[in-house]
Structures are given as structure tokens and as C-alpha cells.
Amino acid sequence: MRHAMLAATLAASVAIPATLANATDLEVTHWWTSGGEAAAVAELAKAFDATGHKWIDGAIAGGGNTARPVMISRITGGDPMGATQFNHGRQTEELIEAGLMRDLTDIAEAEGWKDIVRPSSLLDSCTVDGRIYCAPINIHSWEWLWLSNKAFEDAGVEVPTNWDEFVAAAPKLEEAGKIPLAMGGQPWQSGGAFRVMLSSLAGPDVYKKVYGDKDTDAAAGPEIARVFEAADNARKMSAGSNVQDWNQATNLVITGQAGGQIMGDWAQGEFQVAGQTAGEDYTCLPGLGVNAVMSTGGDAFYFPVLQDEEQKKAQGELAALLLKPETQLAFNLKKGSVPVRGDVDLEAANDCMKKGLDILAEGRTIPSGEQLMSQDSLNQINDLVVEFFNTPSMTAEDAHKRFVDIVASAD
Amino acid sequence: MSTRSDDRPPFRPFRNLNAKIASVPMILTTMVVFVGGTFWTVLYSFTKSGLLPRLEFVGLAQYERLWGTNRWLIAIENLFIFGICMLVFSMVIGFVLAALLDQKIRFENTFRSIILFPYALSFIVTGLVWQWILNPQFGVQGVVRNLGWTSFTFDPLYNADIVIYGILIAALWQGTGLVMCLMLAGLRGIDEDIWKAARVDGIPAWKTYVFIVIPMMRPVFVTAIVLIASGIVRVYDLVVAQTSGGPGIASEVPAKYVYDMMFSSQNLGQGFAASTMMLLSVAIVIIPWAYLEFGRRRRHG
Amino acid sequence: MANVASINTTAAAFDAVADRVEGPAGPRPRRVLSRRNILLYGTLILVSAYYLLPLYVMIVTSLKGMPEIRIGNVFAPPLEITFEPWVKAWATACTGLNCDGLSRGFWNSVRITVPSVLLSILIASVNGYALANWRFRGSEMFFTILIVGAFIPYQVMIYPIVILLREMGIYGTLTGLVIVHTIFGMPILTLLFRNYFTSVPEELFKAARVDGAGFWGIYFKIMMPMSLPIFVVAIIIQVTGIWNDFLFGVVYTRPESYPMTVQLNNIVNSVQGVKEYNVNMAATLLTGLVPLIVYFLSGKLFVRGIAAGAVKG
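Chains as they are written, first to last, in our numbering: chain A, 8 to 418; chain B, 8 to 308; chain C, 33 to 345.
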């Protein structure tokens with residue numbers, strides 16, 4: 008026993024070949040199954056295997072909605088995995104309260120997470136009652152407007168620099184046979200785009216009041232009414248996009264069939280795969296070119312409570328490993344997301360990523376929707392927005408009224 | 008329980024002992040899983056369970072929210088339209104196809120396999136293929152337009168008013184084969200002598216089917232209806248694969264609402280309330296019918 | 033589409049049957065091009081075309097390369113046939129870090145399907161037999177509950193079943209999964225068998241009882257051999273349902289015994305990045321092969337006149 012621990016510690020510090028350490032299998036579940044995502048996970052597995060343990064991959068495709076029931080069943084059924092991906096934020100509060108998740112505070116303190124994790128709100132969303140329960144691994148932000156330079160060239164207008172110019176250019180784009188705004192049909196996409204409009208056009212303070220404090224006065228106010236007017240514009244501009252998946256919508260922008268798309272930074276990966284260059288082929292406007300603030304959602308790993316001492320030890324090592332600079336760099340370059348520590352240098356970053364890094368460095372961040380509101384309430388907003396986008400007869404005022412109702416009952 | 012009506016089997020615990028022993032798995036399943044599980048579901052529908060079930064009662068709040076949600080109302084309406092069309096069409100088509108295959112034809116095995124094979128394919132890809140075929144750009148509409156009929160419009164999946172029929176087309180493709188098979192098994196169970204007798208009496212074949220064979224196949228029809236109806240109530244994957252409930256929320260169905268509430272919104276209470284409503288409406292229809300259908304004593308006591 | 037097909041087929045059926053009745057009772061004269069045959073086979077071929085069209089789309093798509101698929105037209109035959117999607121679907125498609133395609137879960141699926149199908153059909157057919165021929169007090173009540181149970185959305189039962197299996201100590205085991213499949217197959221199958229056995233002539237049953245046969249004797253010697261077509265239907269329903277099941281397989285077992293639908297799900301469900309439609313189609317066809325083979329082999333058991341023969345014999 009002691010020998011095993013010693014070996015494991017040694018392995019962790021100097022990466023002795025696996026054969027020397029007493030290897031422990033640790034099953035890790037996640038829903039990262041697309042090409043880039045799987046490559047990013049492979050980096051984690053490689054780093055973990057180098058410590059002498061063995062990463063048993065438990066990937067479940069189909070996104071969180073498919074994977075979550077599996078993970079929760081396993082945890083509550085008394086057969087938990089060693090570690091599992093979850094969006095951090097409010098999703099796991101109940102599992103933590105039920106005492107099913109391991110407290111990582113000692114590891115976080117030993118590793119000094121408080122000092123290295125940036126922005127600090129990331130660690131806050133892992134914290135329940137002063138204890139830390141998850142290891143944040145990356146930052147994804149939603150607040151981007153991606154524009155096709157070719158589409159605007161074809162239409163004979165300048166590439167816009169903010170939302171209003173974009174709306175003004177829409178008729179020209181339509182004349183040129185383009186869809187001004189590409190929008191996939193799934194509720195989370197229109198719901199997310201709406202949230203971006205809200206935080207960018209109404210400003211971060213109003214955003215925090217509405218989503219964070221669930222302030223109905225703010226939600227009923229004139230700023231939000233203007234956001235719904237903007238959403239009305241977006242509805243008209245996106246009327247022609249007959250696509251479901253977000254990447255199909257991004258593809259419309261890449262091929263110049265559509266003027267732009269409001270989508271998170273993961274869309275960048277699609278432009279890269281298509282061989283496009285930021286600034287030349289496409290333009291990105293953080294915060295719709297109005298309020299350049301970024302939300303800091305992302306992914307995190309949680310560690311269910313286990314009985315086996317060996318496995319507990321391996322869990323601890325994995326948690327510490329996830330935030331090491333090398334792991335952060337390797338993982339995030341593949342994933343296309345931003346590292347959670349400020350001291351990792353992303354030389355490979357392109358124009359758009361650099362814009363994002365600058366905004367982060369200046370601290371112009373807002374908490375993500377998932378950190379402020381329960382998924383239940385967010386989904387209600389998503390349903391409302393997607394209905395609004397697909398029902399031309401629904402007025403902005405009606406939608407606004409129902410939005411206020413949802414905020415009033417939100418938690 | 009002490010009132011003993013004459014048409015009921017008397018309570019004699021050791022009579023039919025073998026039958027009772029053989030029914031133990033069924034009794035356990037019904038009482039523990041279905042009754043127990045339903046009770047559990049109904050109980051938790053009055054709580055504010057989120058990610059995990061917990062007993063924190065909120066009265067009827069979940070139900071109030073449910074019936075105030077536009078998406079749920081649309082889902083119910085869709086299920087109604089889809090359900091009626093699916094039942095009628097799958098029964099009629101299934102029976103007619105079975106009757107055709109029952110004509111002592113050649114290649115029966117081949118034809119039967121062709122009609123049945125869609126049933127073997129997963130819903131996810133069935134949905135995807137039909138999504139393509141119904142896609143206005145490169146599916147049926149595109150092909151017809153290329154042939155010169157440029158005003159031809161057939162885009163059920165992108166039109167909120169008729170999207171549910173687009174799903175129906177795929178569902179029928181997938182499900183009628185099984186109904187056909189079931190009907191065929193029923194037809195094969197009918198004594199050849201009945202056909203001979205009908206022929207001797209000079210009764211036209213269609214009359215034999217409608218007035219003699221179909222009434223004799225009543226149990227098979229009941230099975231097929233329950234099979235199809237339970238599939239309708241639970242329809243989920245096909246909608247997800249074809250439209251994800253879109254455009255907007257125009258093709259939402261109740262089972263999807265339940266699933267999304269439980270695992271996407273992590274609001275178990277709301278999901279349980281929705282499934283309680285589903286079960287309640289099913290029970291209101293099924294229980295009286297089941298008593299009429301199965302409750303009568305027909306044979307050996 | 034379905035409308036037109038049904039009208040056509042109805043007309044043809046009536047026509048076809050009308051001919052059969054008018055003709056002599058002996059073996060029919062073999063005129064290949066009779067009106068009846070043209071209508072009958074014509075209708076069947078038209079119907080088959082409708083059923084085969086999506087299959088055609090799937091097969092041609094699975095044989096195309098991605099660039100060709102992007103061009104559009106789903107009905108166009110492949111310009112350049114490639115079997116790569118099939119190889120990829122079977123052997124190299126990745127689920128997370130495990131890149132061995134559908135082959136990984138194939139034997140797991142077999143190990144899950146065979147006992148689940150056998151057990152569920154055995155139990156349900158005995159249930160149906162008891163309900164049809166050996167009713168006891170309360171049996172109809174249990175049956176009614178069972179039928180209502182058929183309408184419960186599976187998803188609702190996930191957590192109660194987790195608790196149940198955990199308390200029984202079989203959560204995460206193959207036994208647990210087999211039991212789950214047996215439970216959820218029970219309503220429909222029991223109904224299927226009960227209703228079929230009800231239509232078996234009562235005289236047979238009575239005669240057997242006079243001969244002194246008991247519960248099991250009658251079941252194995254009379255009911256089972258007489259009901260082969262319905263057993264085939266039950267096998268079709270169960271093999272398809274269990275083979276294609278994803279939810280229970282992934283929720284109630286551990287990763288080392290995940291069925292191949294987990295890989296299928298992964299292949300077709302990767303939302304991000306480029307969707308490889310050709311691999312999706314190949315993977316689906318590969319997964320569907322096992323039920324398809326069962327359907328085709330079942331043909332022999334669908335023979336006519338078993339009931340009639342038994343009556344006379």
C-alpha cells in the first residue's frame with residue numbers, strides 16, 4: 008500500500024515509465040466525441056497515462072442530454088466512474104448537496120488554484136459553501152458575431168463593425184441573394200443568440216440584473232424592449248436559413264451564402280477546418296461590436312466519491328494534472344478554447360482568439376448564463392425565443408411579456 | 008373483495024396453482040415496476056425535484072406550470088393529430104398488405120422482408136434519411152423541380168403547419184411492416200376450412216374478409232392497436248432525428264417534453280408531472296376499455 | 033403518398049380475392065399474366081418500391097465519398113464507388129479514444145440480445161397462456177395494469193429502475209439488463225400471446241384436458257407448436273427492440289459491456305465538426321443486418337395451415 012502510494016507520487020513528479028508504478032484504472036466519462044474534442048481528450052489521457060495510471064475512456068456521444076442520465080444513474084446507482092465531465096455552473100449543485108461528489112479543496116489549495124485560475128468566477132462556480140468540488144478546464148464564450156467578408160463584398164457593402172451596421176446592410180445582402188443572418192433551428196442556438204444580444208445591446212449590468220438577480224423590473228424595462236426589437240430584426244434577417252445544426256449554419260457563413268452568425272467561439276474551429284483566415288476571409292465581432300464583454304462558461308471535471316483508496320489517489324492526481332500549464336496548453340489548443348490559467352501563453356492564437364484573450368486580460372467578463380440561472384429557466388427562455396423566431400405573427404411585445412414572466416419564476 | 012359476483016372465478020388459492028406460479032414474474036412486474044414506479048412518479052410530480060429526486064412538496068405548482076406552457080399544449084395537439092393518422096393508416100395499410108401477401112403468392116418471403124425491413128433500422132437514421140428525402144433542395148422537391156415543374160412545393164419538414172405529417176410519413180414507413188406481419192400471423196391462424204366454407208356458400212371474398220375474417224381476428228387487431236398506440240404515445244427519437252421539434256416548437260411531442268425536462272432542464276418534477284398527465288389520459292382510455300375487452304368471461308373458468 | 037398506396041392496394045386486394053373465390057377449389061391454373069396477377073404483383077412491386085426508396089438512398093450514400101455527398105442530390109448513384117465508409121463504420125470509427133468502430137460492441141450486443149429475447153418471450157408466452165386459458169382471480173387486473181404499463185415513456189422509469197436494481201444488487205450487471213428488457217417487453221408480448229392463444233379453438237384445449245394433460249403439458253405440446261407465426265412476430269419485435277436499444281444498454285451496464293448501438297449513436301450523433309453521412313448510413317445498415325437476417329430466416333416459420341393441421345391431426 009505505502010509502496011504503491013510512493014510509486015504513484017514518484018510517477019506524478021518525474022513521470023517514471025508506467026511499468027514501475029502500481030497502475031490504477033480510472034474511468035472518465037465525457038461527451039467530447041467530435042474530431043477536435045476527441046483529440047483534446049486524448050491529450051488529457053496521454054498526460055494521465057504518463058503518471059503511471061490508466062485512463063479508461065467512457066465517451067458517450069450525443070451531448071449532455073444523452074450522457075447526463077447515464078452519468079447520474081451510475082453515480083446514484085452506486086457504481087460511479089472515477090471522474091466525469093460536466094458544464095460547471097449550477098448543474099451539479101444537487102449532486103454535491105447529496106454528498107456524492109468529492110471535495111477537492113485540499114488539492115486546490117496545494118496546487119494554488121485560487122491564484123492561477125482566471126477569471127476567478129470560474130472557481131466560484133466550482134465552489135459550494137466554501138468548498139471546491141470541480142476542476143475547471145477551459146473557457147468558452149458565446150458573445151461573437153461571425154461575418155463572411157465574401158458575402159458583404161458580393162453585396163457591395165462594407166463589412167459592418169457593429170450590430171446596427173449589420174442590420175442596415177441586411178437589405179443589400181438580401182438583394183444579392185444572401186441570407187443576412189444564419190441561424191440553426193435548435194432552441195439553444197436562438198436562445199444563446201438572444202442572450203448575446205441582451206448582454207451586448209443592453210449592457211453587462213442589465214444582463215447581470217436580469218439573469219443573475221432575476222430582477223423583473225429590469226427585465227420589463229426599456230433596454231430589454233430594445234433587445235426584443237433587435238431580436239425582431241434578427242428574426243427577419245434569419246428567415247431564409249433552412250438548417251438545423253449550428254455547424255451547418257456556420258457553413259453558410261463560410262461559403263458566403265449568409266452574411267453572419269451569432270455563435271460561440273467553437274465556431275472558430277469550423278473556419279479553421281475550412282482553411283479560412285481571420286480578418287481576411289471572415290471577421291469576428293466580440294459582443295456584436297457594441298459591448299465587448301465575454302461570458303466565461305466552460306467545462307469542468309467532477310470527481311464522484313469513491314471507496315477504493317487507490318482510485319481516490321488517482322483521482323487526486325488527475326485533478327491536479329488538469330490545471331498544470333502543459334495540460335492546459337495541449338488540451339485547449341486542440342479544443343479551440345481558452346485556458347483557465349492566465350499564465351499560459353497561446354502563441355498559436357489567431358486574430359479572433361487574441362481579441363478574446365485581450366478582453367479576458369482586461370477583465371471585461373460576465374458570468375455565463377449557466378452560472379447564473381438554472382438550466383430549466385434557460386431552456387424556458389430558449390423555447391420562447393425559438394418560438395418567436397419561427398412564428399412571424401408573434402410580436403416583440405408579446406414575447407417580451409412572456410420573457411418577464413419566465414424571469415419572474417426563474418431560479 | 009368479498010362480494011363474489013357469479014361471473015368471476017371464485018377465490019380458491021390452490022386451484023390453477025401452476026398458472027399462478029407461472030404468473031409470478033408478471034405479478035411482480037406489474038406490482039413492483041408499473042404500479043410502484045407509477046406511484047413513485049406521481050408522488051414526485053408534486054415536488055420540486057431538480058437533478059435528483061427529493062421530497063420537497065410544492066403542491067400543484069408543476070401542473071400549473073405545465074398547462075401554462077405553450078410548448079406542452081403544442082405537443083399535445085401534435086400527438087393527437089399524429090396519433091389518429093398513424094393508427095388509421097397503419098392499420099389499414101398493414102391489413103391490406105397482409106391480405107395481399109396471403110394470396111399464396113410467389114416470393115412471399117422477399118416481399119414480406121422488404122416491407123418489414125425498415126423496422127430493423129434505428130430511428131435516428133430513419134429520421135435522417137427522411138429528412139434528406141423531404142429536404143426541399145436536394146430531395147423530392149428538388150428532383151421534381153429539375154424535371155421542369157418549377158412551382159412544385161413539397162417541404163413538410165420546413166413548414167410549421169404540416170411538419171407533423173412529414174414525421175408521419177417516416178413513421179408509417181417504419182411501422183407498417185410490423186402491423187403487416189402481425190396481421191399475416193393472424194390470417195395464418197384462421198382455419199382454411201372457413202375460406203372453403205365461404206367459397207362453397209358463394210360469399211364474395213371482400214365480404215368474407217369484412218364480416219368473417221376481421222371479426223375472427225379481433226384479438227390480433229387489439230394487439231396491433233395497443234402496439235401502435237403505445238409507440239405513438241412514446242414517440243421521441245424519430246422527432247428528434249427529423250426535426251428536433253422544429254421548426255421552432257412546431258413538432259414537439261409529449262415524450263420529448265418529458266425527456267427534455269428530466270435530462271436537459273434537470274427539472275424532474277416537471278418531467279414527472281408531464282408523464283403523469285400522459286399516463287392519466289392513457290389510463291382514462293385504457294382501463295374502461297380493458298375491462299370491457301378482457302374482463303368478460305369467455306372461456307374456461 | 034401513403035394515401036394513394038393504400039387505395040391502390042385495397043382495390044387490388046379485393047380484386048385478387050374475388051378471383052380466388054370464383055375459381056375452382058383445386059390447384060389454380062398457372063396463368064402468369066392473369067388480370068389478378070398483374071394487379072397483385074404490380075401493387076406489391078409499387079409498394080416495395082416505396083419501401084425500398086429510402087434504403088436505396090442509404091446504400092448509394094454509404095458508397096459515396098464526402099465531396100460527392102456535399103454536391104447534393106440524394107438520389108444520384110455514386111460516381112465513384114468507395115467501401116471506405118463501411119470499413120470505417122465497422123472497424124475504425126472512434127468513440128472518444130477507442131477507435132474500433134462498431135466491431136467493439138458487436139459481441140456485447142449478442143450477449144445482451146440472446147438471453148433477453150429468450151427470457152422475455154418465454155415468460156410472456158407463459159403469461160399469455162395463463163391469461164387466456166387458466167384465468168384466476170385477479171389475473172385480469174394484473175393484465176390491465178400491464179397494458180397501461182405499455183404506455184409509460186421509458187425515460188420516466190430510468191431512475192426508479194436504478195434504485196430497484198441497486199437494491200437487488202445487480203446494478204451494472206448483464207443480469208440486470210436482461211431483467212430490464214424482460215420487464216419492458218412484457219406488456220406487448222403478453223398481450224400478443226394472450227390474444228393469439230384466445231383465438232385457438234377451445235375444443236383442442238378441452239380435448240387435451242380430457243386426455244389428462246396439465247398446465248405445462250398443454251403449453252408445450254399444443255399451444256407452442258400451434259402458434260409459430262406469433263412466436264415469429266414476438267421474436268421480430270424483441271430482436272429488433274433489444275438489438276437497437278441504446279438507452280437501457282448505456283444506463284444499466286458498464287462500459288465494458290456496452291452494446292454496439294452505443295458506437296452507432298456516437299457515429300451518427302457527433303454534432304460537432306463535419307457529419308460523415310456516408311459512415312452514418314453504413315453504420316446503420318451494418319447495425320440493422322442482424323435483425324434483417326432474423327426477419328428473412330423467420331420466413332420458414334410463417335407457413336400456412338398449422339392450426340388447421342393440428343385440428344385435423
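No wet-lab data here; the hints were simulated from the structure. Please read all numbers here as calculations on a predicted model, not as lab measurements. For every residue, glycine included, the Cβ atom is placed at its ideal position computed from N, Cα and C. Hints are supplied without guarantee of correctness; some may be wrong.
To be verified - Some chain C residues near chain A, calculated using beta-carbon distances under 8 Å:
1) Val89
2) Ala123
3) Thr124
4) Cys126
5) Gly128
6) Ile202
7) Gly204
8) Thr207
9) Val282
10) Arg286
11) Ser289
Outcome of the hint check:
no.: 1; hint: Val89; in the structure: 18 Å, violated
no.: 2; hint: Ala123; in the structure: 17 Å, violated
no.: 3; hint: Thr124; in the structure: 13 Å, violated
no.: 4; hint: Cys126; in the structure: 6 Å, holds
no.: 5; hint: Gly128; in the structure: 2 Å, holds
no.: 6; hint: Ile202; in the structure: 10 Å, violated
no.: 7; hint: Gly204; in the structure: 4 Å, holds
no.: 8; hint: Thr207; in the structure: 14 Å, violated
no.: 9; hint: Val282; in the structure: 5 Å, holds
no.: 10; hint: Arg286; in the structure: 7 Å, holds
no.: 11; hint: Ser289; in the structure: 12 Å, violated
This entry does not satisfy hints 1, 2, 3, 6, 8, 11, going by the numbered hints stated previously.
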